[in-house]
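Visitor: For reference, the chains in residue letters:
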Amino acid sequence: MGELRLMKGNEALAEAAIRAGVDGYFGYPITPQSEVIEYLMSEKPHERTGMVVLQAESEVASINMLYGGGGTGKKVMTSSSSPGISLMQEGLSYLAGAEIPCVVANVVRGGPGLGDIQPAQSDYFQSVKGGGHGDYRLFVIAPASVQEMSDFVPLAFDVAFKYRIPSLIVSDGLIGQMMEKVELFDPIPRLTDEEVIARYPWATNGKPKGKERRILTSLDLDPHKMERHNWALQEKYKLIEENETRFELIGCDDAEYIIVAYGSSSRIAQKSIQLARKKGIKVGLLRLITLWPFPKKPIEEFVKNGIKGFLTVEMSAGQMIEDVKLVVEGRAKVEHFGRYGGVIHSPEEVLEALEQKLIGG
Amino acid sequence: MTEEIIIAGFGGQGVLSMGKILAYSGIMQDQEVSWMPAYGPEMRGGTANVTVIISDERISSPTLTAYDTAIILNQQSMDKFEHSVKPGGVLLYDPNGIIHPPTRTDITIYKIEGAKLAAEMGNTKIFNMIVLGGYMKVKPIVKLENVIKGLKKSLPERYHKLIPLNEDAITMGMKNVIEN
Amino acid sequence: MAEITLQDIIKPENLVYQKTKLMTDKTLSYCPGCGHGTAHRLIMEVIEELGKENDTIGVAPVGCSVLAYEFMNVDMQEAAHGRAPAVATAIKRLWPGKVVFSYQGDGDLAAIGTAETIHACNRGERIVMVFINNGIYGMTGGQMAPTTLPNMKTATSPYGRDIDMMGNPLKMTELVSYLPGTYFVTRQAVHTPAAVRKAKRALRMAFQNQIDGKPGVSFVEIVSNCNSGWKMEPVQANTWMEENMFPFYQLGDIKVDGKLIDR
Ligand SMILES: Cc1ncc(C[n+]2csc(CCOP(=O)(O)OP(=O)(O)O)c2C)c(N)n1
Ligand code: SF4
Ligand SMILES: [Mg+2]
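In order, the protein sequences belong to chains E, F and W.
Taking this note's numbering, I'd label the letters of the first sequence as residues 1 to 361.
Taking this note's numbering, I'd label the letters of the second sequence as residues 1 to 180.
Taking this note's numbering, I'd label the letters of the third sequence as residues 1 to 263.
Hints were generated in silico from the structure; no laboratory data involved.
Heads up, a few of these hints could be off.
With a straight-line Cα cutoff of 30 angstroms, these simulated DSSO-like cross-link-like pairs (lysine-lysine) come out [unchecked claim]:
no.	chain 1	residue 1	chain 2	residue 2
1	E	Lys211	W	Lys11
2	E	Lys278	F	Lys152
3	F	Lys80	E	Lys279
4	E	Lys207	W	Lys171
5	F	Lys86	E	Lys282
6	W	Lys171	E	Lys209
7	F	Lys86	E	Lys357
8	W	Lys259	E	Lys207
9	F	Lys86	E	Lys44
10	W	Lys52	E	Lys211
11	W	Lys21	E	Lys225
12	W	Lys26	E	Lys225
13	W	Lys98	E	Lys44
14	W	Lys19	E	Lys211
15	W	Lys214	E	Lys207
Using the sequences provided together with the hints, build the complete structure.
Guide: See below:
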């Protein structure tokens with residue numbers, strides 16, 4: 001068993017970055033995720049693993065540092081919260097276009113605008129529909145515990161490098177700020193420069209002797225070539241949909257109703273389900289682990305097996321519900337419940353919504 | 001077993017660290033724990049609160065609206081949380097600064113003179129440990145030895161010399177908690 | 001006497017000048033007479049002469065030189081508009097033993113990317129920053145740049161740059177010279193053989209500084225023409241540049257070995 005610690009989600013993410021063998025972290029402070037860079041600076045990762053940690057002048061700079069560093073084949077990471085992630089959208093589009101692996105973490109807060117610093121899940125559209133320009137996708141994964149804030153860091157890097165795609169870890173102020181027990185994974189050593197060179201022939205780290213130079217760009221002025229590049233991206237995305245979709249089913253075996261939720265909301269919904277079961281309501285939870293690729297299959301299965309209805313629970317005005325509806329295609333009732341703007345719904349409110357919107361309605 | 005606790009008072013009373021010690025003790029006895037503070041401007045205004053859950057099972061929601069136990073250390077928190085204790089639950093409070101004592105009859109109410117005892121022991125910083133002792137007496141969920149282990153794990157080495165003092169404070173709290 | 005054929009002339013011992021192999025054979029996409037091509041060539045020559053072709057990573061901007069990576073035969077990354085200094089920062093931090101340079105226009109470096117420029121310079125990143133100042137946005141069709149001279153006509157200052165309304169031209173190079181993180185700051189040109197020789201010397205010093213691990217940015221501005229944007233013939237553009245740009249953007253070293261030059 002790995003080392004046990006009581007940590008905040010943000011701290012677990014930072015510690016996981018060091019242990020995952022990250023080469024460079026570039027970030028800019030913003031609540032509720034500033035503990036990430038604070039923890040990193042206090043841990044002196046330069047001494048622990050040789051990892052570079054740099055406080056950038058803005059989120060715009062951070063994301064472009066990921067472009068530069070990731071483009072050399074190194075493991076690079078940043079984290080921020082909603083307004084900062086908005087600033088990164090152009091960079092994310094470039095990273096996706098040039099197919100540069102990296103990991104970005106968004107500890108979401110209430111919006112729009114400056115909003116507040118309390119937990120929210122209102123960045124779903126931005127995360128999975130492409131907040132930046134162009135036809136691109138990110139691998140989007142949503143931890144629901146401090147443990148997963150740690151575990152998903154190496155996972156996000158694995159997928160990022162396997163498919164040369166930016167990974168986005170989407171949590172929120174609740175998971176970032178809360179402390180839970182974490183079992184830390186054993187450190188993965190950073191790759192040596194030689195290993196990076198051998199492993200990633202696409203990376204720009206100095207033209208190999210006697211070989212062609214490497215270029216990383218997202219530009220091609222010939223629209224036909226650009227279309228071909230887009231086709232290749234779409235092929236890759238299809239592959240990721242096939243191989244990397246993740247979800248969890250809780251208490252669904254005999255369920256007549258399904259709550260669909262991710263991250264913090266899935267934790268709260270679990271409590272609602274316990275309360276509902278006490279009242280004899282047969283309800284289960286489909287917890288989304290990846291937000292993109294979106295877990296379509298379990299929803300399709302529920303519909304085929306004659307589920308009575310879905311309640312999507314998110315701390316937003318109803319964003320993820322659209323993806324559920326796209327799968328359900330009108331074959332079952334789909335309702336939304338959520339508080340937002342930084343307000344966290346209570347387990348009781350969710351139960352009430354379930355009773356009123358699905359069962360009673 | 002699942003114990004859902006809210007600890008609420010002023011910033012600086014050690015509310016958050018008391019919750020942390022409790023959570024660490026839970027880990028020391030192989031339980032699941034969560035610690036969720038109110039963060040941000042709410043804290044700057046002077047009040048602080050934290051939800052701590054200790055359970056034998058995987059913890060669902062880390063934020064709650066009803067608690068098995070409320071540990072209340074100022075009037076604002078009394079106003080806010082007295083009615084959030086589940087029927088049959090426990091409310092533990094320090095009467096220092098409380099103008100309107102709790103009135104509920106469907107819960108068990110305990111008093112601990114934490115501030116007064118800390119002053120008598122000559123160290124106001126151990127106030128939260130006295131209150132923790134009171135809690136441990138009325139709700140024997142975390143064992144003293146595990147609290148000490150938790151302290152050792154969470155405190156930097158240079159503070160380990162303060163552990164005996166903390167242990168004394170806990171014992172003091174255990175002895176002096178009284179039912180209302 | 002036998003007649004001399006072309007074959008007799010094309011011999012290694014007769015060679016006086018050869019295109020560096022670090023420029024690809026692609027036809028340059030720049031307008032005839034534009035300074036970008038010359039600046040590319042000088043950078044590549046210096047890298048070849050310093051023996052660093054296998055250890056160099058270049059960062060191209062958004063601007064007319066967006067396709068610099070098509071011509072410069074080293075590992076290259078194409079950055080978002082204005083962000084080359086951030087991109088280069090991370091590359092150098094993660095590969096401190098490699099040679100890293102950024103190449104940017106005035107819109108890229110001194111407008112949209114001002115923050116990245118100032119902060120890379122202020123942090124003292126050990127990179128070379130090449131800055132092509134042509135007083136205009138060439139790529140997008142000749143709009144006003146932060147460096148556009150007072151009264152100069154552009155597509156977005158069709159009656160001339162009105163200082164009251166549009167603000168003053170920005171001397172970015174002087175500005176960064178005051179930052180402790182710059183080690184070598186110079187302003188050059190590439191419009192005459194003499195200027196080219198000087199510019200190359202400056203570039204060599206800049207790259208040598210980086211190879212020697214000198215603390216801080218080596219910042220090389222090249223005042224260049226944009227005959228298309230300025231709506232002039234190439235020769236006329238060079239004359240206009242000498243008469244109008246150089247008095248305002250004075251050529252020469254500004255900071256050497258970390259010390260400001262008394263000018
Ligand atoms: C975010 C963004 N805004 C605007 C543009 C359009 N754009 C491309 S190049 C350019 C200006 C380039 O001027 P400069 O940097 O001076 O380079 P030059 O072409 O003069 O060499 C602009 C505004 C862009 N590509 N991206
Ligand atoms: S538009 Fe101006 S800067 Fe661009 S290639 Fe032509 S002359 Fe050069
Ligand atoms: Mg220009």
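Visitor: Now look at each hint and say whether the structure bears it out.
Guide: Hint by hint, here is what the structure shows:
Simply put, Lys211(E) and Lys11(W) have alpha-carbon atoms about 28 angstroms apart, close enough for the 30 angstroms limit, and the pair holds. Between the alpha carbons of Lys278(E) and Lys152(F) the distance comes to roughly 40 angstroms, so the proposed pair goes past 30 angstroms and is violated. Proximity of Lys80(F) to Lys279(E) is assessed by CA-CA distance (about 28 angstroms); at most 30 angstroms being required, the pair is judged to hold. With a C-alpha separation of about 35 angstroms, the suggested pair Lys207(E) and Lys171(W) falls outside the 30 angstroms cut-off, and the hint is violated.
Straight-line distance between C-alpha atoms of Lys86(F) and Lys282(E) comes to about 25 angstroms, which keeps the hinted pair within the 30 angstroms bound. A threshold of 30 angstroms between alpha carbons decides the hint, and for Lys171(W) with Lys209(E) the separation of about 40 angstroms lies outside it, so the pair is violated. Between Lys86(F) and Lys357(E), the direct Cα distance comes to roughly 27 angstroms. Compliance with the 30 angstroms bound is thereby established for this hinted pair. This hinted pair does not check out: Lys259(W) and Lys207(E) have alpha carbons roughly 34 angstroms apart, beyond 30 angstroms.
Restraint check: the Cα-Cα separation between Lys86(F) and Lys44(E) comes to about 45 angstroms, which exceeds 30 angstroms; the hinted pair is violated. Distance restraint check for Lys52(W) and Lys211(E): the Cα-Cα separation of roughly 15 angstroms lies within the 30 angstroms cut-off, and the hinted pair is therefore satisfied. About 27 angstroms separates the Cα atoms of Lys21(W) and Lys225(E), which keeps this hinted pair within 30 angstroms; it holds. Of the pairs offered as hints, the one joining Lys26(W) and Lys225(E) holds, with about 18 angstroms between alpha carbons and a cut-off of 30 angstroms not exceeded.
Using a Cα cut-off of 30 angstroms, the hinted pair Lys98(W) and Lys44(E) holds, with the two alpha carbons roughly 24 angstroms apart. At most 30 angstroms may separate the alpha-carbon atoms for a hinted pair to count; Lys19(W) and Lys211(E) meet this at roughly 20 angstroms. Between Lys214(W) and Lys207(E) the alpha-carbon distance is near 24 angstroms, which keeps this suggested pair within the 30 angstroms criterion.
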